[in-house]
Amino acid sequence: MISNEKTKQFKILAFETSCDDTSVAIINSDFKVIVNLISSQTTHEDFGGVVPELASRLHLKNIMQLTQVALTNAELSFEDIDAIAVSVNPGLIGALLVGVSFAKSLAYSLGKPVIAVNHMLGHIYANRINNPHLRPPYLALVVSGGHTELVDFKSIVDFKIIGRTRDDAAGEAFDKVSKLLGLGYPGGPIIDKIARYGNPKFHQFPRALNKKDNYDFSFSGFKTSVRNYLASKNNKFIQEHIADIAASVQRAIVDSLVFKTIAFAKKSDAKIIIVAGGVSANSLLRSEISKKGKVIGANIFFPALEYCMDNAAMIGAAAIEKYQNNDFADLSLNAFSKKGIRIL
Amino acid sequence: MQEERILKSEDDTITFAKELAPKLKEGDVLALYGELGTGKTFFTQQLCKFLGVRENVSSPSYVLMNEYMGICIIRHLDLYRLDAAEEVLELGLYDLYNDAITIIEWPEIADGMLPENTIHIYFEFINQNRKVTIKM
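Chains as they are written, first to last, in my numbering: chain A, 1 to 344; chain B, 1 to 136.
Just so you know, these hints were derived from the structure itself, not from any lab.
The C-beta atom is built at its ideal place from N, Cα and C for all residues, glycine as well.
Any given hint could be a false lead.
[Said to hold, decoys possible] Sample of chain A residues facing chain B (criterion: CB under 7 Å; computed from the structure): (1) GLY91; (2) LEU92; (3) THR165; (4) ASP167; (5) ASP168; (6) GLU172; (7) LYS176; (8) LYS223; (9) LYS233.
[What the hints assert, rightly or not] Label-pair ranges, simulated between beta-carbon atoms: (10) GLY52/B <-> LEU60/A: 34 to 40 Å; (11) LYS135/B <-> PRO206/A: 29 to 35 Å; (12) ASP80/A <-> GLU55/B: 38 to 44 Å.
Taking the hints into account, I'd like the entire structure generated from these sequences.
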C-alpha cells in the first residue's frame, strides 16, 4: 500500500522502562535517531542533578526529566511529535507500568497516537538504525541479561522461536561468573575486557546441550562448573590466571551461542543473521559469529554498540512501520511482564 | 519443624520438589537460600512443573520476577540484584503474597518482610553433593 503516510516524514517519541534504565528517544521516520537518552549514561549536568541509584529502578523521577531534556536537546516541542511509542513487555511489571502510564497520559493530553512495542522486537529493530533497509527473512539471536532466544523470522509478524534458554540468560551467565571471579557488575563488559589478555584454551568449561537439532541454551550447569573449578584452585592461582579464566569463560559462553546459531542458519539456509541485545556488544561474539557466518555464506548484522543495551531509540525504530500501518494501541493498553518475543 | 536432606543427583532434587509440591497452596511463601550454583533455580523449575506450570521456567535474575499459571498463580522472584531493603518495598513484595505461591531466591535482603508462615530452604554444597535444610 502506497499512501501519503508512507512518504510523509514523521517523528516518534519513544520510552523504554522495562528494567533498570529509563530511556527516552526521538527518532525520525527514516530511522535517524535525533536523541537517545539513557538514565544511567546521562551525565549529571544534562540532568540538572544526580540520578539516584535507588530511584533508577522506579523510573518515575527520571522519565519526566529525561523527556524534557530530550526535547530540549533535539530543539523540538511536543507539537513536533507525531506519535508516542512505548515498550509494554516483557520486563519488570512495575517498571514497565511507569513507561506505559506515562506514554498513555502524554498521548491523551497531546492527542497523539500511542504505539505498543515488544521489547525484544525493539532489540531486533536496533539493527535498522544503522541498516534501515534490513528486513526479514533473517535469523535473529537476541541475547541480553534477561533473554537468550534464537528466532527465525519469515516476516516481522511471522516468526518462530527456534531455541531459548532453559535456565539462565547468556548475559546473566556473564554477570554471575563475574561475581564468582570477584570482578564486579555488569559482568559482560568486564570479562570481555580482561579476556583480551588471557588464553581462551586455558580451561575447557562445558558447552551445554551441544547436540544436533537442539537449539535451546543452558548456562546453569556451566555456572556450577565455573564455581567448582574455582573451588578447586587456591586464590593465588586464580589471581595469577584471572585473564585466562575470564577468556576461557567467555569462550565457553560465546561458543554455545555461535554453535547453535550457525547450526540452525546452516540447516535453514539463512542468508542473514542478526544479533541483538546487550550481549551483542561482546567483541568475541561479534568476531566469532562473523567468521563462522562467512563460512556458511550468511551476512551478519549487529546494532551499533550504543544501541545494544536497553534503549528507547530501538523502541522508536520498531514503531515506525506500525505508524505507517496505523497500528495504534488504544488507551486501555496495559503493561504485561509475560516473557519472550510476541506480536502485540 | 526442621528437616535435612542430601541431594546426590538431579533426580534427588526432582523427588524433593515432587514431595513438596502437593503441600503448597495459595498464600505460601518459599525463601530459597544458597550460593551460586547450589541448585535453587533447578529446584524451582522442578517445583513449578509439579505445581502445574507448563512453560519453561527460566531465571528471573534480570527482570526480578516472573509470573506463571499453575494450580494457582506462581511468582518466581530473584532479589540477587537488589542492593537495599527499600528496593524490595518498591517491588511491592507485601502486595504479592496472598493470591499466589511465591518462590523467592536470594531472599536475604527481604529479611523482615517475609510472612511468618514462610518456608525457608537452605541449599549448600557438601563435597560433591548438595544439602538442603528446610525450616517451616
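Numbers of the earlier hints that this structure fails to satisfy, in rising order: 9
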